[in-house]
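Undergrad: Quick mapping for you: the protein sequence lines, in order, are chains S and L.
Reading the first sequence from the start, the letters are residues 1 to 138 in the UniProt record's numbering.
Reading the second sequence from the start, the letters are residues 1 to 153 in the UniProt record's numbering.
Bear in mind the hints are in silico, worked out from the structure with no lab data behind them.
Be careful, since some hints might not be right.
[Claimed, not checked] So, partial list: chain S residues that the calculated Cβ filter (under 8 Å) puts toward chain L:
(1) Gly2
(2) Pro4
(3) Ala6
(4) Glu9
(5) Arg29
(6) Ala67
(7) Ser83
(8) Val84
By construction, the Cβ of each residue, glycine as well, lies at the ideal position given by its N, Cα and C atoms.
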Amino acid sequence: MGRPAATLEVGQVVESRSIGPITQTDIVRFAGAGGDFNPLHHDAAYARQAGLPDVIAMGQMQAGMLAAWIADLVHVENLLSFSVRFASPLAIGQTIEMTGTVSSVSTEDATAHLELLAKSGDRAVISGRARVRIALSG
Amino acid sequence: MTRSSTQGIPIGSVLDTVSFEVEAGKIMEFARATHAADPVHTHPEAARAMDFPNVPATPTHVVVAAHHRDQKEFVAALGLAIERVVVGSVDWEYIRPIVAGDRLTGTRRVIDDVTREGKRGGVMRLVTLETAWVDDTGATAVTQREVLIERGA
Numbered sequence: 001m002g003r004p005a006a007t008l009e010v011g012q013v014v015e016s017r018s019i020g021p022i023t024q025t026d027i028v029r030f031a032g033a034g035g036d037f038n039p040l041h042h043d044a045a046y047a048r049q050a051g052l053p054d055v056i057a058m059g060q061m062q063a064g065m066l067a068a069w070i071a072d073l074v075h076v077e078n079l080l081s082f083s084v085r086f087a088s089p090l091a092i093g094q095t096i097e098m099t100g101t102v103s104s105v106s107t108e109d110a111t112a113h114l115e116l117l118a119k120s121g122d123r124a125v126i127s128g129r130a131r132v133r134i135a136l137s138g
Numbered sequence: 001m002t003r004s005s006t007q008g009i010p011i012g013s014v015l016d017t018v019s020f021e022v023e024a025g026k027i028m029e030f031a032r033a034t035h036a037a038d039p040v041h042t043h044p045e046a047a048r049a050m051d052f053p054n055v056p057a058t059p060t061h062v063v064v065a066a067h068h069r070d071q072k073e074f075v076a077a078l079g080l081a082i083e084r085v086v087v088g089s090v091d092w093e094y095i096r097p098i099v100a101g102d103r104l105t106g107t108r109r110v111i112d113d114v115t116r117e118g119k120r121g122g123v124m125r126l127v128t129l130e131t132a133w134v135d136d137t138g139a140t141a142v143t144q145r146e147v148l149i150e151r152g153a
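Starting from the given sequences, assemble the full structure and let the hints guide the process.
TA: Below you can see the structure in the form of structure tokens.
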């Protein structure tokens with residue numbers, strides 16, 4: 001029946017995921033999927049006029065990547081809540097590196113919290129948190 | 001911090017309502033765009049083998065509602081200057097995974113609207129919006145909250 005939940009322990013570092021370098025095609029693909037057609041994300045001349053060096057990705061693209069990665073790790077049906085904070089923009093040519101640590105485990109309701117971070121080089125792009133259902137060991 | 005209900009739409013009132021059908025093709029497209037690897041999002045047989053009635057969407061799928069909304073219109077309705085607005089944070093609470101075939105209606109309300117001093121001077125306005133995504137049985141599947149930040153002029 002279905003899939004077993006993951007077993008997670010406090011302090012555990014989950015398997016990271018790296019996506020990139022981000023291309024204009026990646027951004028356009030997300031625009032088509034998500035419906036965000038703000039020209040800041042696909043029109044370089046418009047982005048420059050707005051004071052950016054070039055187009056930037058939509059925050060929801062990075063949020064979706066972070067969420068999909070966590071869902072791949074714990075299975076989507078075990079994800080109870082997910083939140084993101086946008087720290088800095090992601091530009092074409094940059095690679096996003098996603099890392100996560102289990103910050104707490106509740107044996108009472110078989111859930112865990114994860115602290116998530118997506119960086120490009122040393123710069124934070126987004127931070128996030130997830131609450132997930134887990135399997136209790138032993 | 002100053003609470004204001006004079007700018008834009010009063011706290012508690014509905015900003016907009018959007019309905020759409022969750023489609024397998026859109027789930028696949030969104031999963032690909034966000035690099036989801038789990039085959040349940042893209043292969044109906046993999047989904048059914050895991051007891052899903054149909055392919056489940058990835059966790060942030062309801063953002064596809066942007067296809068059905070006019071961003072300029074709702075930002076203007078809130079009394080915000082679009083060129084100074086960024087999204088600060090978003091969170092989702094899941095009651096169940098949404099699956100292809102669901103028909104969802106999202107009612108978006110203004111739940112907070114405050115101004116405060118920005119770190120680099122000027123006044124920032126923070127508007128918190130909450131959307132309850134309800135299926136055809138009237139049950140909420142997902143709740144989404146987003147905080148829009150308007151930087152000082």
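Undergrad: Each hint should be assessed against the structure and marked as holding or not.
TA: Results of checking the hints against the structure:
no., hint, result
1, Gly2, "holds (5 Å)"
2, Pro4, "violated (11 Å)"
3, Ala6, "violated (13 Å)"
4, Glu9, "violated (23 Å)"
5, Arg29, "holds (5 Å)"
6, Ala67, "holds (4 Å)"
7, Ser83, "holds (3 Å)"
8, Val84, "holds (6 Å)"
Comparing the model with each earlier hint shows violations of hints 2, 3 and 4; every other hint is respected.
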